[in-house]
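Trainee: Whole structure, please, built from the sequences with the hints as guidance.
Chains as they are written, first to last, in the UniProt record's numbering: chain A, 1 to 291; chain B, 1 to 321.
Hint data in this document are derived by calculation from the structure and do not stem from the laboratory. Honestly, I wouldn't trust all of these hints.
[Unchecked claim] In the PhoX-like style, the derived pairs of lysine-lysine whose C-alpha atoms are separated by at most 25 angstroms in a straight line are:
hint	chain 1	residue 1	chain 2	residue 2
1	B	K314	B	K226
2	A	K118	A	K181
3	A	K118	B	K32
4	B	K314	A	K181
[As the list claims (entries may be wrong)] Away from chain B, derived, C-beta distances all over 10 angstroms, residues of chain A:
hint	residue
5	T20
6	G33
7	F65
8	L85
9	T128
10	P132
11	H134
12	V136
13	N151
14	P180
15	P235
16	D249
17	Q278
Because the structure is a prediction, the values reported are computed rather than measured. Note that CB positions come from ideal geometry on N, CA and C, so glycine has one too.
So the chains spell out like this:
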Amino acid sequence: MATKTTARATTQERSRAARTRRLIVHIGLIGFGLIMLYPLLWMLASSFKPTAEIFRAPGLIPETFHPGNYTEGWTALQFPFHHYLLNSAIVVVGAIIGNLIGCSMAAYAFARLEFRGKRLFFAIMLATIMLPIHVVIVPQYILFAEIGWINTFLPLIVPKLLATDGFFIFLMVQFIRGLPKDLDEAARIDGCGHVRIFFRIIMPLSLPALATTAIFTFIWTWNDFFSQLIFLTSPDMYTVPVALRTFVDSSSQTSWGPLFAMSVIALGPVFGFFLAGQKYLVKGIATTGIK
Amino acid sequence: MSALLQRRPKADPVAAAPAARTRTRAGKQGTKRRENLAAYGFLAPWFVGLFFITAGPLLASLYFSFTDYNLIGDHSWVGLENYSRMLEDERLHNSLRVTFTYVFVSVPLQLAMALALAMVLDRGVRGLPLYRSVYYLPSLLGGSVAIAILWRQVFGANGLINQVLGFFGIQGEGWVSHPDYALGTLIVLNVWTFGAPMVIFLAGLRQIPRMYYEAAMVDGAGPVRKFWHITVPLLTPIIFFNLVLQIINAFQTFTQAFIVSGGTGGPSDSTMFYTLYLYQRGFGSFEMGYASAMAWLLLMIIGGFTAVNFLASKYWVFYGD
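Mentor: This is the structure we're talking about:
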């Protein structure tokens, strides 16, 4: 009897200890999450503060609500900000379409067809994934200058159509290899050619891989600065990142409010995608290791 | 299924006759050729891209690295001059120092942070998807110009960090404009984006069978021993994968340094990353030959690191089989 009571007491104690430990873990995780997110929240809050107040208080709630930063930032540059948003949208949509077409075609050949030189070409494709853009950017610039493509969106879109993002080819090869081969064999017996197998069977089944490709192409291209800085030279062609950069240069210290307002706008689409496609994003990154 | 296989008739002797065999072989060759053609058709865009956008420019930059090409006018072969100039270029040596410091400090910190939080989250914490999203978000935004702008302010003289320090009565520096601290702010920025490797660690931790831990517990192993004798060894493939990926990424860092320093790599070249210096030489002063030589050095460094990583992995990465 006595032993029974002590046993019950210890289990009770133990469960209480476990509960306390869980609580501490949660407090730690929430606290750390807040520290992580604080700069982002602070930027959002600051975008609604008059610039003088930004420098005064680290708090999040504006003393004076000042949405004027947005209208001021919108018109601070040579073109209104929607001009740059539109430019970015064109580049991003072009890059997504290009990657989806170019990479899926190459992936189908690598995953499903037997051809001479397959192993060699596959190895080359894998090697290109690791190639830093800095090694090819100078000759690319010269090539695009020769054919008059500098200061157009073509250098940012056409290479995607030519399947130069080897990473996505690899991603789709891995995915297509996992699809049952019986399906295309059955289709082949029914007299389907490769083009029809590709469009009617492989592509519809590859939707998850295509979605991952589209999402990450979106985020990478939207955030990309280096190649857009190099290939786009006149303000009417600037994309959002390049425009933001000129904003920094022209406004120096004085107009942080409008600058933050436009930065918030620039982060908006990625954040929106993040909210909408969290599951895909996390799954995509867990299985493929991309950022 | 096996019954079906067994009932399949043995090869018909008539079909195996020489005439028939040649016919099937001819037919096979036909499908083979058709498949070859189809494959090359599907690969056509990739071949064009490889030639004009990737391999072609790669070889061209190797060629330019032996010339004095400056975009305007003719170029001439200068042999190893660009490479010998690199040996004497103090700013280049400095940019290598900056970049190596960045890689060697920020990548281990980032991965340690990622692993630590992945392990906390892997213990069946409630609300895991929410925590994971919160920690992962900075990874998505971290490389953008907007975040670099934010960093410039956060670590500025009147920035958020100093406001918080001021709250505790500490007078902080203008971190981004101080040569001793500017690189540190960029390291913090990279560590802040630990969410991506964390998600990969989480996926890896889930692969470790629980019974290993239970068995270890029966044997009386504490959390430290469980970590070093079960978690780490079984996670080495994932650690290796994250390490290779993050090192390659870190070597190519550009946007953050460019924006935070206003394109200068300052103060006093303390944030002059290698890629930023390459950009300045190539697209600032149009020394395309020199920039190409620099690019090849970068390729060799990254390739060398990746190769060493792969070679060393034989000694510390365990694949469970």
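Trainee: Hints first: check each against the structure and report whether it holds.
Mentor: The hints, checked one at a time:
no., hint, result
1, K314/B to K226/B, "holds, 23 angstroms"
2, K118/A to K181/A, "holds, 19 angstroms"
3, K118/A to K32/B, "holds, 13 angstroms"
4, K314/B to K181/A, "violated, 34 angstroms"
5, T20, "holds, 15 angstroms"
6, G33, "violated, 4 angstroms"
7, F65, "holds, 20 angstroms"
8, L85, "holds, 13 angstroms"
9, T128, "violated, 5 angstroms"
10, P132, "violated, 5 angstroms"
11, H134, "violated, 5 angstroms"
12, V136, "violated, 4 angstroms"
13, N151, "holds, 14 angstroms"
14, P180, "holds, 15 angstroms"
15, P235, "holds, 16 angstroms"
16, D249, "violated, 7 angstroms"
17, Q278, "violated, 6 angstroms"
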